[in-house]
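Asker: Take these sequences, add in the hints, and give me the full structure.
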Amino acid sequence: MSPKKTSTCYVRFDQDLCTGYGSCLRVCPTKAIRVKNKKAIRIVDQCIGCGECIRICHEGAVSAATEGPELLKRDHVAIALVSPVLYAQFPGVMPKDILLGLRQMGFEHTIDMSYFLEIFQFATEEFINRNRTSQTAPWPLISPVCPVVVRLIAFRFPNLLPNVLPVLRPVALMAREVKSRLIPEYSKKGEKVVLYYINPCPTKKEPSCLSGRKQDGSSEIALGINDIYPELVKHVDQIKAADGIPFYQTRFEYETCATGNASMWAMSGGEIADMDTDKSLAVSGMEETISYLEKIELGLFQDIEYIEFRTCREGCLGGALNAIDKYLAKGAVQKMIKRFGLGRRLHRENIMRMYEKGEFQSEKKPAKLTSLFGAHKEALSIDSMRKIEKVLELIKGKDCTACGAPDCRTFAEDVVRGDAVLKECLFVDAQKKRKR
Amino acid sequence: MSKFKKSFHIKGRDFIRAGEASINVQNLLKSMDFDPRLIRRVAICGYESEMNVVMHGGDGSLSLEVDTDRLILEISDDGPGIEDIDLAMQAGYSTANDDHREMGFGAGMGLPNMKKNSDQIHIESNRDQGTVVRMIFFLPEGGKTD
Chain A
-2 MSPKKTSTCY VRFDQDLCTG YGSCLRVCPT KAIRVKNKKA IRIVDQCIGC GECIRICHEG
58 AVSAATEGPE LLKRDHVAIA LVSPVLYAQF PGVMPKDILL GLRQMGFEHT IDMSYFLEIF
118 QFATEEFINR NRTSQTAPWP LISPVCPVVV RLIAFRFPNL LPNVLPVLRP VALMAREVKS
178 RLIPEYSKKG EKVVLYYINP CPTKKEPSCL SGRKQDGSSE IALGINDIYP ELVKHVDQIK
238 AADGIPFYQT RFEYETCATG NASMWAMSGG EIADMDTDKS LAVSGMEETI SYLEKIELGL
298 FQDIEYIEFR TCREGCLGGA LNAIDKYLAK GAVQKMIKRF GLGRRLHREN IMRMYEKGEF
358 QSEKKPAKLT SLFGAHKEAL SIDSMRKIEK VLELIKGKDC TACGAPDCRT FAEDVVRGDA
418 VLKECLFVDA QKKRKR
Chain B
2 MSKFKKSFHI KGRDFIRAGE ASINVQNLLK SMDFDPRLIR RVAICGYESE MNVVMHGGDG
62 SLSLEVDTDR LILEISDDGP GIEDIDLAMQ AGYSTANDDH REMGFGAGMG LPNMKKNSDQ
122 IHIESNRDQG TVVRMIFFLP EGGKTD
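The listed protein sequences derive, respectively, from chains A and B. Heads up: the first sequence begins at -2 in our numbering, then just goes up one per residue. Heads up: the second sequence begins at 2 in our numbering, then just goes up one per residue.
I should point out that these hints are in silico values taken from the structure, not numbers from a laboratory. A portion of the hints provided could be inaccurate.
In silico DSSO-like pairs for lysine-lysine, Cα to Cα no more than 30 Å straight-line [as the list claims (entries may be wrong)]: (1) Lys231(A) / Lys189(A); (2) Lys387(A) / Lys7(B); (3) Lys31(B) / Lys33(A); (4) Lys374(A) / Lys31(B); (5) Lys335(A) / Lys276(A); (6) Lys432(A) / Lys33(A); (7) Lys362(A) / Lys4(B); (8) Lys116(B) / Lys420(A); (9) Lys28(A) / Lys4(B); (10) Lys7(B) / Lys292(A); (11) Lys420(A) / Lys4(B); (12) Lys393(A) / Lys117(B); (13) Lys387(A) / Lys374(A).
What the simulated footprint calls covered on chain A by chain B, stretch by stretch (three residues with Cβ under 8 Å from a Cβ of chain B suffice, anywhere in the stretch; the number is not a length) [stated by the list, open to error]: (14) 294 to 304; (15) 377 to 383.
A virtual CB, placed ideally from N, CA and C, is assigned to each residue, including glycine.
Answerer: Take a look at the structure:
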């Protein structure tokens, strides 16, 4: 087994808080967690950053590898890149007021990601439309918006990588815009720029960009929505109570959010709600996502053109780092949609000109994704497969997790690979004692 | 002794759990790191045959055999059997009933699809004596080490 680490680039484990209860074992979709000696948790290099372990841990031993807001000091230009899930945390408040609150907190610029989600949506529709005749990608196309889904596919369903829509992800479009327009202005003046990604989950970014200074002198930090919520809620309350809202000059359209319905992106189905294809589905939840991916691999759903997957139940508003309950947030989103409808703010023609120039084409090839997130375990030989079956016969398979592995099959595999010993299984141990 | 064999039960008329055996086969093949394209072919064959058992065949089983030079998928059931195998192999020929069609099955592409995706297919069936379908997938040069 690969290195015994206690933290990945997405989650941190606190050994002192861990009681070895092991509820995290079962929920990990890549079976990356083992409990040893009732305390130590070790993680193999298979974390895809879904946050299921954060959600389930009663002891609070697992947390997101995000940074606290205390970093927001005055020695740099702070740019907030805002996931629209943040808007869903403030029922009845307009997105522009929430962004204003962030600026009052000390962010120099606020970038509204829903603007880029809309661009992405136009590009997606165009790709689907062309794919009907060109057949360049297999149906059903899979949304690349949720990064956990993409990593899950690379890890467990590499067959389906060609189905992942080859359009640049909204977060990539947003980062490109900020890096080409905003950052150069400050780096010319020699000022330090820090990009703060405000996220509902431990992972909206690739591990490579989580740390380190960039060439242009900027750096990037991931913040959880729950990290900034306590502070932000004070500012938002003030703004709501104020008679006249102070006017803020913003230079770019995406620095504020003119539409009330932008929070719909946070909800499962929000991505496809206004898309011009009827043959689309929205699936949310880790179990459901896996079940659908398994079926697509068997050749099902080829009559569907596009599937929006979110591994969090109910969509991004069910993310592990949100501030309010997902059903409250969903209610808030539904009310906004009722009030403002589904309309878009951008014009198709402008986006299509960019599309023709190939500006949305994702360069991430399946092979690259496999090398980044694929399973790096050694392949099992025919002989090993037979040995695993023998171990399974011995342990009688109750999936009790007492050995510290998520299920009997994984334990048997660990034994054959030399990463666990047979007597760690309570059933085997008890049988031996009885015989003596 | 260089083979690995494992079989899975298929419950007739259980449309909710249909596909589970094929998913299990698929997962075994993935842990052995076979070419994804090969796994996909096996999985499609597994699913098509599993659906045949679920729709027509009563109870049955799906078994996977891994040898150094080939994979063998064998599906057997105790169902009504196939009356005319040549006819059943024709694309579009189906004995599915209206209920099956309502669920989106019964296009008559099951056996033709299995034939297309496997290297060899053998069917043994007689009326009221069940059916055994055996599909062989040859591994590329070098095969799988024991």
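Asker: Please go over all the hints and tell whether each is borne out by the structure.
Answerer: Hint check results:
Between Lys231(A) and Lys189(A), the direct Cα distance comes to roughly 28 Å. Compliance with the 30 Å bound is thereby established for this hinted pair. Distance restraint check for Lys387(A) and Lys7(B): the Cα-Cα separation of roughly 12 Å lies within the 30 Å cut-off, and the hinted pair is therefore satisfied. For the given pair, Lys31(B) sits about 27 Å from Lys33(A) by alpha-carbon distance, which is consistent with the 30 Å threshold. Between Lys374(A) and Lys31(B) the CA atoms are separated by roughly 11 Å; this keeps the pair inside 30 Å, and the hint holds.
This hinted pair checks out: Lys335(A) and Lys276(A) have alpha carbons roughly 24 Å apart, not beyond 30 Å. Distance restraint check for Lys432(A) and Lys33(A): the Cα-Cα separation of roughly 26 Å lies within the 30 Å cut-off, and the hinted pair is therefore satisfied. A distance of roughly 36 Å separates the Cα atoms of Lys362(A) and Lys4(B); the hinted pair therefore is violated under the 30 Å criterion. About 46 Å separates the Cα atoms of Lys116(B) and Lys420(A), which puts this hinted pair outside 30 Å; it is violated.
This hinted pair checks out: Lys28(A) and Lys4(B) have alpha carbons roughly 27 Å apart, not beyond 30 Å. Taken as a hint, the Lys7(B) and Lys292(A) pair is honoured in the structure, with Cα atoms around 21 Å apart against an allowance of 30 Å. A threshold of 30 Å between alpha carbons decides the hint, and for Lys420(A) with Lys4(B) the separation of about 27 Å falls inside it, so the pair holds. Using a Cα cut-off of 30 Å, the hinted pair Lys393(A) and Lys117(B) is violated, with the two alpha carbons roughly 39 Å apart.
At roughly 21 Å between alpha-carbon atoms, Lys387(A) and Lys374(A) fall within 30 Å of each other, so this suggested pair holds. Coverage of the region 294 to 304 of chain A by chain B holds. Counting CB-CB distances below 8 Å, 4 residues qualify, and the rule asks for three or more. Coverage of a stretch by a chain is defined here by at least three residues with a beta carbon nearer than 8 Å to that chain's beta carbons; for the region 377 to 383 of chain A and chain B the count is 6, and the condition holds.
In this structure, the earlier hints numbered 7, 8, 12 are contradicted, and the remaining ones agree with it.
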